[in-house]
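J.: Residue numbers (the working numbering), protein chains in the order written: chain F, 1 to 914; chain Y, 1001 to 1066.
Among the hints, erroneous ones may be present.
What the hints assert, rightly or not - One side of the interface only, derived from the structure: several residues of chain F facing chain Y at Cβ under 10 Å:
(1) Leu70
(2) Pro71
(3) Leu82
(4) Leu85
(5) Asp228
(6) Leu242
(7) Ala254
(8) Ile287
(9) Trp292
(10) Leu293
(11) Met298
(12) Leu306
(13) Gln660
(14) Ala664
What the hints assert, rightly or not - Quick partial rundown of chain F residues pointing at chain Y, CB under 8 Å, derived from the structure:
(15) Thr77
(16) Ala81
(17) Gly227
(18) Phe230
(19) Phe246
(20) Tyr253
(21) Pro295
What the hints assert, rightly or not - Pair ranges (Cβ atoms, derived):
(22) Val530(F) x Ser1062(Y): 16 to 24 Å
(23) Ser1062(Y) x Gly482(F): 54 to 62 Å
(24) Leu1055(Y) x Phe220(F): 21 to 29 Å
(25) Ser1062(Y) x Gly584(F): 58 to 66 Å
(26) Ser476(F) x Pro1033(Y): 32 to 40 Å
(27) Leu1055(Y) x Leu9(F): 43 to 51 Å
(28) Pro1033(Y) x Gly395(F): 54 to 62 Å
(29) Gly1048(Y) x Ala64(F): 22 to 30 Å
No wet-lab data here; the hints were simulated from the structure.
Values in this document were obtained by computation on a predicted structure and should not be read as measured data.
For each residue, glycine too, the CB sits at the ideal point set by N, CA and C.
Residue strings, one per chain:
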Amino acid sequence: MPAPALIALVSIAYLGLLFAIAFYADKRADAGRSVIASPYVYALSLGVYATSWTFYGSVGRAAANGVGFLPIYLGPTLAAALFWLVLRKIVRISRENRITSIADFIASRYGKSATLAGIVTVIAVVGIVPYIALQLKAVSGSFRLLASAPEVSRPVVAAAVPLLADTAFYAALALAVFAILFGARHLDAAERHEGMVAAIAFESTVKLVAFLAIGLFVTFGLYGGLGDLFARVAADPQLARLLAPFDGPAGSYASWTWLLVLSAFAILCLPRQFQVAVVENVDESHIAKASWLFPLYMLAINLFVLPIAFGGLLHFPGGGVDADTFVLALPIAEGRPLLALMVFLGGLSAATGMVIVETVALSTMVCNDLVMPVALRIGFLRLHEQRDLSRLLLGIRRAAIVGILLLGYAYFRFAGEAYALVAIGLISFAAVAQFAPAMLGGLYWRQATRAGAIAGLAAGFAVWAYTLLAPSFARSGWLPAGFVEAGPWGIALLKPLALFGLAGLDEITHSMIWSMLANCGALVIVSLLVAPDASEQAQAMRFVEVFRRPAGGVGSWRGEASLDDLRGLLGRFLGLERAAALLGEFAARKRVPIERLRADAELVQVAETQLAGAIGSASARAAVASLAKEEGLGIAEVMSILDETSQLLAYSRELERKRQELEAATTELRAANERLRELDRMKDDFVSTVSHELRTPLTSIRAFAEILHDSPELAAARRREFVGIILRETERLTRLINQILDLAKIESGRAQWAAEPVDLRAVIRDAADSTAALYREREVELETAVPDRVPIVVADRDRLQQVLLNLLANAVKFCAPGSGRVRVALSDARGAVRVDVADNGIGIAREEQGAIFEKFRQVGDTLTDRPQGTGLGLPISRLIVRQFGGDLWVASEPGRGATFSFTIPVAQGEGGRG
Amino acid sequence: MRSNVGTAARVIAVFLLGCLAFGYPLLALFNAPARVLGVPVLYLYVFGAWAALILLIAWAVSRARE
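Just chain F, same shape as in the assembly (with noise of 0.2 Å):
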């Protein structure tokens, strides 16, 4: 069997392992590619839950009462299914807090309450000091076993031995250091420790793996496996009740279901769990995968616990060995010193795992929540004026963590051998639990209060102390032991084991139930009587609602910023006159001077709402999100935030209006095309109309000249009637393609227009001269009006020519032949010269005047009357004028005869000739 020096050789190479694998992830973590950044790690990790406790005590504890330790597992596998909700919850509260321990979750979630920081501190430390204890027995009593080996009976009580030949005093010293090393060594600011956790990792693995491979060992080495083990069980009528432990609804049910309930709490409250799945969490989305992985790993760690137990109760009977040891006595006995070495190893690394974390959590809180507070108010410390705290903080941590230590060895030592492995642990378990009501309480329940939670936690802890603590110390012998038989001062109903009568229970259940009524009713009652302040307020709702607001943005103040940093932001934003009018109106309001005005949080409520007006909600929102943590954005960033901000309102109403005129061109280029569309529909009108005349004298030109071809016979007379009819259709269609390419000229721009001086008295003359020959045919008096002296207008006289010639032909055309008579006036129309053309014709009906400027529209029933113009005069005339600058228009009323008239400017600077 290995020498005590041996042992002690290997564990410190074993903890010289452990500390090569945290500096290695430390040294991975400084160059960017983190070790531990895996939810297999993170599952890992959590397993430092399993501490020697489970590691012996578990055994321990089955021995006793068969499946009886398992709720300390269910629970937490149970709370696990909520891992995704409540965890979640947390680590994401606490990173957007920065919060770095459990006690700083507690305070931060009411209203940063520095005695509540405080009260939890305590609690923590007074609860987890016998856990700590524990683990020290653990390791000191497996390595006096492993020493004494191969002696397995129960080990001599510490207390006989001197201090400095106890092992377990050694252990102390020992886990301070590498608890120092791994935890204190260095300043972090978040807190973070990726080294410790990869070796919290690694050591989970060792633990598990040990505890397997004794497990199979005790099995299905010293036993034919898992029938023939609980076959020999059955067969001891001794142990066969263990098989079937419950034995009524009032005892082992109500004790197994509150195991269940402590431990659920356990997992979330222990400060090393807080620390391992909140504080050194690498990535929320690990949570997912470690709420199944991490129950896995303790089914897989409990899977030979009543294998072994019942092993070593087969091996040893009749209690010569502390079952508690079954997990290393039963190697030893087998003279298997190997594996009882690595079993060592697996139950110092569970034991180790949970004092480095543990104690490194703790002392964060000792530091940051116990002793700086106190520092920082003590003056002639002078702390507020040193520039470099970092030294004196490691130097409290490091001495936080030794004197943690030497606490737990000293309740080892005075109190710790008077109970199993499980009783201290659970504790320890019933001290942290009571921070659950006002943890998870202040999760869910945005009307906890700050006062709330101290009374729940004050009166929970009172509770647990009375009923757990003290029955501990009097059965220590610090206190009478009448005091747990008979009660305080003898009165029955105050016994601390069964309080008010509640007899019957096993002390921890016992225990539970009180101090959780205490608890919750304390914290409940108080909520709802004391008003929370403001600043509880704000921190309520940070916590309550942190999945429904983007991540650093808040709705409420809390802090305190300087009234002139708020003036600063009003003024920025608002105008410096609004800014100072709107604090001028506040300060009236509350009746105080503006000069001791406080930017509380109704002052920033009403400056939010005012900037929300100017910069938008969304905006005036983060600004005062910003400005409310305490260490986040100065106001310089703010402001500059918030410059950017008015500058993207400046952009939007730039966008605003481009978008308007961008709207507005959309309109008027939807009408161009409504045009385009119109023309272009217009156009193929024209072209079929023009077909269509064109296929008039074409149908009768031919018609004529078929007659003509076929009928040889025909008379002279009517031939030459029937070539007279061909060769004036043939004209009208020259006239009409004329005129057609005209038009088209004239309406593409491409005529060719001649400006010059025209006098339109020789115009008028030459046009009745040219038409005098058709009037007389028509027996149709002409007759023109032409004063003496006319200006001279600037056009080209051919195209008015054609104008005027136009406008006489259609009034020969419209006149009765004898009575007919037409009147061509000449005038002078201010700035212009105006042409009449009246004749006393069939007239036009209103309802036609517009219609015959438009190509081919000849008036008159076209059924009856053969057409007599080509239907493009009026309109060319109509273009020609208006291209001139003049205008042409006809007024008419049906029988009494027509008048055309059309007007040309005068040319400037041009005289009027004689």
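With chain F's structure known, arrange chain Y on it following the hints.
T.: Below, chain Y alone, put in the same frame as chain F:
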């Protein structure tokens, strides 16, 4: 966010199922010295239910937003 609501409902359901499985009346059914395949029924039930619960948790969070 819809899948998150689903995940929340699933994990709560699994949690309640676990409470039921490890609670008084159901547990009492297996509090007997009988053995199946040589293993006591209570031992078999508790570990079986535990394993099933772990599988259910894994299922419940499997579609959680990563």
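J.: Confirm or reject each hint.
T.: Structure-based check of all given hints:
no.: 1; hint: Leu70; in the structure: holds, 6 Å
no.: 2; hint: Pro71; in the structure: holds, 8 Å
no.: 3; hint: Leu82; in the structure: holds, 5 Å
no.: 4; hint: Leu85; in the structure: holds, 6 Å
no.: 5; hint: Asp228; in the structure: holds, 7 Å
no.: 6; hint: Leu242; in the structure: holds, 9 Å
no.: 7; hint: Ala254; in the structure: holds, 8 Å
no.: 8; hint: Ile287; in the structure: holds, 8 Å
no.: 9; hint: Trp292; in the structure: holds, 4 Å
no.: 10; hint: Leu293; in the structure: holds, 8 Å
no.: 11; hint: Met298; in the structure: holds, 9 Å
no.: 12; hint: Leu306; in the structure: holds, 6 Å
no.: 13; hint: Gln660; in the structure: violated, 36 Å
no.: 14; hint: Ala664; in the structure: violated, 41 Å
no.: 15; hint: Thr77; in the structure: holds, 6 Å
no.: 16; hint: Ala81; in the structure: holds, 4 Å
no.: 17; hint: Gly227; in the structure: holds, 3 Å
no.: 18; hint: Phe230; in the structure: holds, 6 Å
no.: 19; hint: Phe246; in the structure: holds, 4 Å
no.: 20; hint: Tyr253; in the structure: holds, 5 Å
no.: 21; hint: Pro295; in the structure: holds, 5 Å
no.: 22; hint: Val530(F) x Ser1062(Y): 16 to 24 Å; in the structure: violated, 44 Å
no.: 23; hint: Ser1062(Y) x Gly482(F): 54 to 62 Å; in the structure: holds, 58 Å
no.: 24; hint: Leu1055(Y) x Phe220(F): 21 to 29 Å; in the structure: holds, 26 Å
no.: 25; hint: Ser1062(Y) x Gly584(F): 58 to 66 Å; in the structure: holds, 60 Å
no.: 26; hint: Ser476(F) x Pro1033(Y): 32 to 40 Å; in the structure: holds, 38 Å
no.: 27; hint: Leu1055(Y) x Leu9(F): 43 to 51 Å; in the structure: holds, 44 Å
no.: 28; hint: Pro1033(Y) x Gly395(F): 54 to 62 Å; in the structure: holds, 60 Å
no.: 29; hint: Gly1048(Y) x Ala64(F): 22 to 30 Å; in the structure: holds, 24 Å
Checked against the numbered hints above, the structure violates hints 13, 14, 22; every other hint is satisfied.
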